[in-house]
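Q: Chains H and U, in that order, are what the protein sequence lines are. Counting from 1, position 255 in the first sequence corresponds to residue 255 in this note's numbering; the numbering is continuous, with no gaps. Counting from 1, position 51 in the second sequence corresponds to residue 51 in this note's numbering; the numbering is continuous, with no gaps.
Derived from the structure by calculation, the hints contain no laboratory data. It is possible that part of the hints are untrue.
Said to hold, decoys possible - With a cut-off of at most 30 Å between alpha-carbon atoms, the simulated BS3-like pairs for lysine-lysine come out as follows:
#1 H/Lys215 - U/Lys46
#2 H/Lys337 - H/Lys282
#3 H/Lys282 - U/Lys46
What the hints assert, rightly or not - Per label pair, the in silico range of CB-to-CB distance:
#4 U/Asp2 - H/Ser351: 49 to 57 Å
#5 H/Leu416 - U/Gly30: 23 to 31 Å
#6 H/Phe206 - U/Asp45: 32 to 40 Å
All C-beta atoms, glycine included, are put in the ideal place defined by N, C-alpha and C.
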Amino acid sequence: MPQASMGLDFLARVRRTSLLAGLVAALIAGSSFTLLAGLGVAAGCAWCLFNLLALESLVAGLVGARLGREHSLRRMLVGSIGSLVLFALGALLLTQLPPAALMVGFLVPFAVLVLKAGSLLLLQSPLWRRITANPWQAAVLIASIAGASWFAANGMHGVLRAEAQAQHAESTEALAAPPAQAHATSDEPAAAAEAEHAEAEGPKMFDNALGMIIKANHGKPWANVLHHFEYVIYAMLVAVILSIIFIAAARNPQMVPGPLQNLVEAAVEAAYNFFVGILGPKYGPRFVPFLGTLFIYIWAMNFFGTIPLMHSPTANLNITVAMALTVFGYVQFTAFKELGFMGWLDHMAGSPRSAIGWALVPLMMPVHLIGELAKPISLSCRLFGNIFGEDMLLVGFATLGITALSSLHMPFGLPLQLPFMFLGVLITQPVQALVFTMLSTVYFLLMLPHGEHGHGHEGEAPHNAH
Amino acid sequence: MDFHAALGLALPLGIGLAAVGSGIGLGMIGNGAMQAIGRQPEAADKIQLSMIIIGAFAEALTIYAFVTMFILSSKI
Numbered sequence: 001m002p003q004a005s006m007g008l009d010f011l012a013r014v015r016r017t018s019l020l021a022g023l024v025a026a027l028i029a030g031s032s033f034t035l036l037a038g039l040g041v042a043a044g045c046a047w048c049l050f051n052l053l054a055l056e057s058l059v060a061g062l063v064g065a066r067l068g069r070e071h072s073l074r075r076m077l078v079g080s081i082g083s084l085v086l087f088a089l090g091a092l093l094l095t096q097l098p099p100a101a102l103m104v105g106f107l108v109p110f111a112v113l114v115l116k117a118g119s120l121l122l123l124q125s126p127l128w129r130r131i132t133a134n135p136w137q138a139a140v141l142i143a144s145i146a147g148a149s150w151f152a153a154n155g156m157h158g159v160l161r162a163e164a165q166a167q168h169a170e171s172t173e174a175l176a177a178p179p180a181q182a183h184a185t186s187d188e189p190a191a192a193a194e195a196e197h198a199e200a201e202g203p204k205m206f207d208n209a210l211g212m213i214i215k216a217n218h219g220k221p222w223a224n225v226l227h228h229f230e231y232v233i234y235a236m237l238v239a240v241i242l243s244i245i246f247i248a249a250a251r252n253p254q255m256v257p258g259p260l261q262n263l264v265e266a267a268v269e270a271a272y273n274f275f276v277g278i279l280g281p282k283y284g285p286r287f288v289p290f291l292g293t294l295f296i297y298i299w300a301m302n303f304f305g306t307i308p309l310m311h312s313p314t315a316n317l318n319i320t321v322a323m324a325l326t327v328f329g330y331v332q333f334t335a336f337k338e339l340g341f342m343g344w345l346d347h348m349a350g351s352p353r354s355a356i357g358w359a360l361v362p363l364m365m366p367v368h369l370i371g372e373l374a375k376p377i378s379l380s381c382r383l384f385g386n387i388f389g390e391d392m393l394l395v396g397f398a399t400l401g402i403t404a405l406s407s408l409h410m411p412f413g414l415p416l417q418l419p420f421m422f423l424g425v426l427i428t429q430p431v432q433a434l435v436f437t438m439l440s441t442v443y444f445l446l447m448l449p450h451g452e453h454g455h456g457h458e459g460e461a462p463h464n465a466h
Numbered sequence: 001m002d003f004h005a006a007l008g009l010a011l012p013l014g015i016g017l018a019a020v021g022s023g024i025g026l027g028m029i030g031n032g033a034m035q036a037i038g039r040q041p042e043a044a045d046k047i048q049l050s051m052i053i054i055g056a057f058a059e060a061l062t063i064y065a066f067v068t069m070f071i072l073s074s075k076i
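If we strip away everything but chain H, and leave its shape as in the complex, we get (with noise of 0.2 Å):
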């Protein structure tokens, strides 16, 4: 790598990486411990952040005295009384968030600039081109390397929970009475958090290879990680297996295409035609990238469930809403960024013109606002009912045909259920992933400035969807 990348090019994108990575640290902290040490983490690593900012242009307002630039006091003022300040705000976080989560949090952007230039490092290394040069050797490297976090995983989790047992063991001793809960999480879990497990078990489902995975190791704690992780890891294999296809698509592309070229073609050309139909030509090719992908990945993890031993992602309502929240926050920040803040706002109230538009901003307002919120909620919900009603459908049925040969003692049952899953392939599954894409194309086409089109657009489209 040239000399360039280790400048204020690489602090800038060690910044962005630590940001994401803060962030994915704080929900994961959030979420699987406490609400406080999601905040600490946050907290911890946005300070670290901010420090790095201001000895940065502490350090570049030093440079740039000694060469004689402008701004350059002020930059340097700027940072030592930042770097102060912060000082300040992190005696006062230290003393209300949990200073463990705060310090993980602190550490993140330290790990991304080590990691960064190590990988920087590495990369130029007679080795590393060595090594990648054949694909077999990559293959085993990586293999090895994955064998051995595993291990190292595991030992690591051994000491966590014989920590955790120890704490455990104080807090029992503390409280007077230990409530149900507290004995689940005991030496001895199995008869209590079984009864427990069957109970939020909910609507039964049909066996998947991840849910046999946990049943059989029930109680292990990678088998509770694993449980709460079940369909996000069938998600992930949805889109490296969408991925896989992809690349080997493209990573040779002819000129007379081959068969999974010309599948691939067609499906981009049709996703282009399609969007960029409703879009029109100025904006659409911008968001075909995304809202192609939305549309195969929807479709393939609502397909994902007809597969046996596996499960439809979307049938949970924590995949749902977090790609209706994804596309919720990608047409809040196009419309910041197309309409600027006075133009959204404008939209808001529902563009004002004459005296009886702006009569009725104080009604159009909430009705804008409201709606806007009603939109992730109803796209996460109606992908979520009609995929989880479909395998519903399915389990009953398939219920229904083993009851209805049980009293001849047969080892299978009436295929009931293939009538509906027919109906479900070919209808229900791309027609939702259809409908899931087509509202979010037609919420970014409201947002969009639409000078060119009119609002003969506005009027076809379904303005407030439920």
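Chain H is already provided as a structure; the job is to place chain U on it using the hints.
A: Just chain U, lined up with the frame of chain H:
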């Protein structure tokens, strides 16, 4: 009537009522779309697409009732 009996009666009835509404809506959508295609067969593709999407809206209301039933049916 105790809570469980009321729930056991209300859940299927609720789904049925929602399905009645959705069915009427779907019928009206299909009616409008078929008439439009009959008048303008060359626009059939666009009309079909809109029909499917609006049909999904009408259907979604029943699905909401369905999900509510599944959430509440564990309480019976």
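Q: Starting from the hint 49 to 57 Å, judge whether the C-beta atoms of U/Asp2 and H/Ser351 obey it.
A: holds (54 Å)
Q: CB of H/Phe206 to CB of U/Asp45, is that within 32 to 40 Å?
A: holds (36 Å)
Q: Decide if the proposed pair is consistent with the structure: H/Lys282 and U/Lys46, CA atoms, cutoff 30 Å inclusive.
A: Within the cut-off at roughly 21 Å; holds.
Q: Is H/Lys215 within 30 Å of U/Lys46, Cα to Cα?
A: With a Cα-Cα distance of about 48 Å, the restraint between H/Lys215 and U/Lys46 is violated, given a limit of 30 Å.
Q: For the hint 23 to 31 Å, verify it against the beta carbon of H/Leu416 and that of U/Gly30.
A: holds (27 Å)
Q: Does H/Lys282 sit within 30 Å of H/Lys337, going by the straight-line distance between their CA atoms?
A: holds (15 Å)
When the structure is compared with the earlier hints, a violation turns up for hint 1 alone.
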